[in-house]
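One-letter residues, chain by chain:
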Amino acid sequence: MSALHAPITPGSDSQPTVLRAVPRQSHQLAQLPFILFIAVLLGGGLTGVLVLSTTIQTQSGELAALQSQEAELRYQEAALVAQAQDLRSSQNLADQAWALGMRPNPNPAFIKMPSGEILGVPTEVSGNELPGMVPPAPVSVPVTTPAPEPTSTTEPSTEPSTESSTEHTTEPTTTAGDQDGTEQTDESTNSETTQPAAGEVNP
Amino acid sequence: MSSPRNTRSSAASRSSTAGRSRTATPMGKNSRRRARPGLPIASTNKRITIFFVFVAIMISLASGRALLLQGIDADANAQAAAAQLSQSQVLKADRGVIYDRNGEVLAETQPAFSVIADPYSISSNGYDPDHMTSDQRAKADKAPAAIAEILVKYLGGNKDDYLTQLTDTRTADGGPNQYELIARKVSAAVYQQMAAELTAGGWYGIYSAPDPVRYYPNGTLASNVLGFVNYDDEGAAGLEYGQNQYLSGTDGKQTYQSSRYGTIPLGDSTLIEPVNGATYTLTIDSELQWMAETSLANAVASAQAKSGTIVVQAVDTGEILAMATVPTFDSNNPGSADADDLGNRVVTDAYEPGSVQKVLTMAALLDAGLITPDTKVQVPEQILSGDAPIRDAWSHGTLDLTARGVLAQSSNIGTVELARQMDKATLSNYLASFGLGTSTGIELPGETGGALGILPGTDMADYTRDQISFGQGLSVTALQEASAISAIVNGGVYHQPTVIASATTAAGDAISFDRAEPRRVISPEASAAVVNMMEASVASPEMTTADSKTIDGYRMAGKSGTAQKADQYGNYNGGYTGSYVAVAPAEDPQILVYVVIDEPVNGYYGGTVAFPTARQMMMQALPRYGIAPSTDVPAYTDPLTY
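Going down the list, the protein sequences come from chains A and S. Read in order, the letters of the first sequence are residues 794 to 996 in the working numbering. Read in order, the letters of the second sequence are residues 2 to 643 in the working numbering.
Straight line, CA to CA, 25 angstroms or less: simulated SDA-like cross-link-like pairs of lysine to any residue:
hint	chain 1	residue 1	chain 2	residue 2
1	S	Lys186	A	Val874
2	S	Lys186	A	Leu873
3	S	Lys307	S	Gly575
4	A	Lys905	S	Gln591
5	S	Lys186	A	Glu865
6	S	Lys186	A	Leu880
7	S	Lys254	A	Ser861
8	S	Lys93	A	Gln878
9	S	Lys140	S	Gln194
10	S	Lys566	S	Ile455
11	S	Lys377	S	Ala636
12	A	Lys905	S	Ser631
What follows is a list of derived Cβ distance ranges for each label pair:
hint	chain 1	residue 1	chain 2	residue 2	range
13	A	Gly894	S	Glu543	36 to 42 angstroms
14	S	Thr427	A	Gly909	51 to 57 angstroms
15	A	Glu917	S	Thr427	52 to 58 angstroms
16	S	Ala629	A	Glu917	18 to 24 angstroms
17	S	Ala67	A	Leu825	38 to 44 angstroms
18	A	Leu825	S	Ala77	51 to 57 angstroms
19	A	Ala864	S	Asp515	39 to 45 angstroms
20	S	Gly157	A	Val918	43 to 49 angstroms
21	A	Gly909	S	Glu382	55 to 61 angstroms
22	A	Leu829	S	Ala83	42 to 48 angstroms
23	A	Gly894	S	Thr427	54 to 60 angstroms
24	A	Leu825	S	Gln137	53 to 59 angstroms
Because the hints were derived from the structure by calculation, they are not lab data. Note that beta-carbon positions come from the ideal geometry of N, C-alpha and C, so glycine has one too.
Next up, chain A with everything else stripped away, as it sits in the complex (with noise of 0.2 angstroms):
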């Protein structure tokens, strides 16, 4: 530290003016563009630094929009696959079956490939070959089971929601005009299938 100081009192004593005034200058020129450099440095950091945070901030904005547009439609797959599932169950199939008039078939044939030979005896149905088949609900109850998953799909979005509900208005009047064929089919059912049943109990 004393060595520092040292160069100092004795150059204010000899020759002031000539020795300083060249320093100076150099040192101003010299420093300009370092202090620019540096200012510039700072500025393009601090700049960076405000749009990398303020990109990183948009982009976790939309993120999250989109992780919840995601959840959104997650729920909504889930409400359509839950409707699908209860139209396909074995119940809702069935009767919707039965409601289109079709009755099982006791008879079955086999063929035999490929030797073609056939076991069994094709036999058409009357209907009322196996009376206890006879679904014990009213048929139009399972078709508006899954009434209440159209509602809650029907808003959310447009194009998948209106295919379903389109698809649900319309498959009940198929089925409400054919079971107006049907339900005579079920009478004579049910009266053919007291006649067996007390046929059975007299022996």
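Starting from the structure of chain A, add chain S where the hints point.
Then chain S, alone, in the frame of chain A:
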């Protein structure tokens, strides 16, 4: 080193004294010079000392505080800081999916929410209560009513009930009430719409928590097998209960740091992924199950019976293809059903099996070599057992029946005469080997205590032996009886009944189940003889009963049972149990159908109330599993009489 410092400090003291002198100017010229040396801090050294002491004290305080924060209370402080920033949420594990044998979903978990209200925030509609404009105040006043209306629209219920909850702004201890549970298990899709409407209306204070709901797409189908879950998503009955430890999975947890502007992008976050429950594939065939439930419901309704059960079993594996009981319940809504109907009667209800039990008696006698199907039995009008006579269901004089005829015509007297040839201990041991009196080992809960049935021991009384030979004086469950007969017609090999085909954890590892090895209970020859005797009751031209009705193209064997039920005093006047067991094809039995109708009113013979259902189920099950019709169905000619 010391010299420049001294120079500087002396210069500093000089200038400061000059400053002081200026402020001291009004005191007078004379006093100025004298007062200066008199002040205690006028000395440069003292000032420096005081300054350093002050700095040292400050640094000590700061260091002490730092030590306190960083060293002593470090954990508590770090936790408090982290707690302010960090949020954590439970990531619910999905309960395992249950499929039927064809991959149809029987039970799954659907996203749903609990709806929670924050009445304190609702009272100011989310604004700061101390700085609200008059418009904001006016809107906040309308908030509870408006929110209640939206709740009614989406969740149903009563507006006044919601209003009571929404305006309850203080807790019991006077603090702000920020938690009111409005509804549970609200479908995610419904909640989304409701949340959207609340946001659109500018209403604040309704939020949600994950509350997944168990969903059974088939409703009542196989509900007795599946069971149901309670409100906390824990299995409460059936398979859901029995396999809860594997089905439930393990919840995960997510922690992250967030500020009022949302998640801090590069903040600390941890994620423990939830482990979903195991996936189960059952042996149940949901379509056959539907057929079984439908035909059983019709049978119970037409017989005006109290209840009914049905089991359809693959005899060569013990797999349960369908297992139903009526009345039943909807697994989605078990609360609406009668508590007595929430179980699985097939597994839990023991009853006296009646004449179906004669199949087991004959199997034991045949295997022991004591009889053949053609053994001649002279059947008297009645037979004395203990001090009471045993009669047949129909009045007759002395009959000359073969053992086959005894089974086909279901003669109690003939069966007692044959059973008396076997000692009681051997008979009891045979019945025990058929699985009576013990758990079948099926993966369903409830096979304990009275549900194991009662099998008299080896030291039973003579009259008890007589009774159990035709199905009274002992009790069985439908599953025990079905599995026993499956073993008898399956060449004599018993398979433990099962409803689970496979189960896999979320990681893909198979879950193994403790299953008894198949065991031989009677010889193949005895098995074939039993099937031959059972076929007689369906196919013999000598039979004229209601259940002597074959299936076109197939050879079916069967046995009916009609048991009087004992009342609470042990007297046989508590109604009837009508049952029927059918196996087919008789040349190589593949499928067994067992139907039990409890307390029928309109008819009571097993051949009347249970046989039509068993036959119709067999008619549908045989082609369903690709069992081709017999190329040649010979006329049944084996003799029932001699």
